[in-house]
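Undergrad: Numbering follows our numbering, in which position 114 of the sequence shown is assigned residue number 113; successive positions increment by one, without gaps.
Accuracy of the hints is not assured; some may be wrong.
Here are the in silico distance ranges between beta carbons for each label pair [said to hold, decoys possible]:
id, residue 1, residue 2, range
1, Leu130, Ala46, 50 to 60 Å
2, Ser114, Pro66, 32 to 42 Å
3, Ala13, Leu48, 15 to 25 Å
4, Lys133, Leu97, 46 to 56 Å
5, Ser74, Ala109, 32 to 42 Å
Straight line, CA to CA, 27 Å or less: simulated DSSO-like cross-link-like pairs of lysine-lysine [as the list claims (entries may be wrong)]:
id, residue 1, residue 2
6, Lys128, Lys94
7, Lys100, Lys128
8, Lys95, Lys39
9, Lys115, Lys95
10, Lys115, Lys128
11, Lys39, Lys94
12, Lys39, Lys100
13, Lys128, Lys95
14, Lys94, Lys115
Worth flagging that the hints you see were computed from the coordinates, not collected in a lab. All residues carry an ideal CB built from backbone N, CA and C; glycine is no exception.
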Amino acid sequence: MKNVPVLNFQDFIAADGDSLTTTSQQIAAVFGRRHDDLLKRIRALSASLPDDRLGYFAESVEMRSNPSGGAMIPSAAYTITRDGFTLLAMGFTGKKALAFKLAYIDAFNAMAAYSKNQHEGLRYRYMQKELECKDSEQRGSFHGRGLNQRKQEKPVLEAELAELIALAQPALPFH
Numbered sequence: 000m001k002n003v004p005v006l007n008f009q010d011f012i013a014a015d016g017d018s019l020t021t022t023s024q025q026i027a028a029v030f031g032r033r034h035d036d037l038l039k040r041i042r043a044l045s046a047s048l049p050d051d052r053l054g055y056f057a058e059s060v061e062m063r064s065n066p067s068g069g070a071m072i073p074s075a076a077y078t079i080t081r082d083g084f085t086l087l088a089m090g091f092t093g094k095k096a097l098a099f100k101l102a103y104i105d106a107f108n109a110m111a112a113y114s115k116n117q118h119e120g121l122r123y124r125y126m127q128k129e130l131e132c133k134d135s136e137q138r139g140s141f142h143g144r145g146l147n148q149r150k151q152e153k154p155v156l157e158a159e160l161a162e163l164i165a166l167a168q169p170a171l172p173f174h
């Protein structure tokens, strides 16, 4: 197996309030790309995005050192959201891009395993609650006290079943 470099996302991802962002200059440095080529790629990608996704890439200006030693030079750049970075990096090639893609796959697989475990746990809890409902129904059909108890249990059990069904059917946001 070939050596795949490990990317330390803390080197180029920053927390900006509740969101994670990076800059085009940081991405160029980490992935070994020319910044001007990266800007062209971002502009082309932005041009093909639907309007509700244009916030992935925000134009900005960053100061860079002057090669002749003079004053800092303003340079065109982009501030990029986590989703914008993912979209951009999925088009990269090379060892570092492969490392990112593999880390992304690993994270997705871990998320899928967690979701499956949660779902299996919900299925078990749902079956247990259904058994409680059946038991309550049977007790309610035997005698008056059982019927009175069933009247009290039924709305609670039905609400718990409805809650488990809602948990088992997560809503996926579609853009």
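Undergrad: Against which earlier hints does the structure fall short, listed by number upward?
TA: Hints 2, 6, 7, 9, 13, 14 are the ones this structure does not satisfy, whereas the remaining hints hold.
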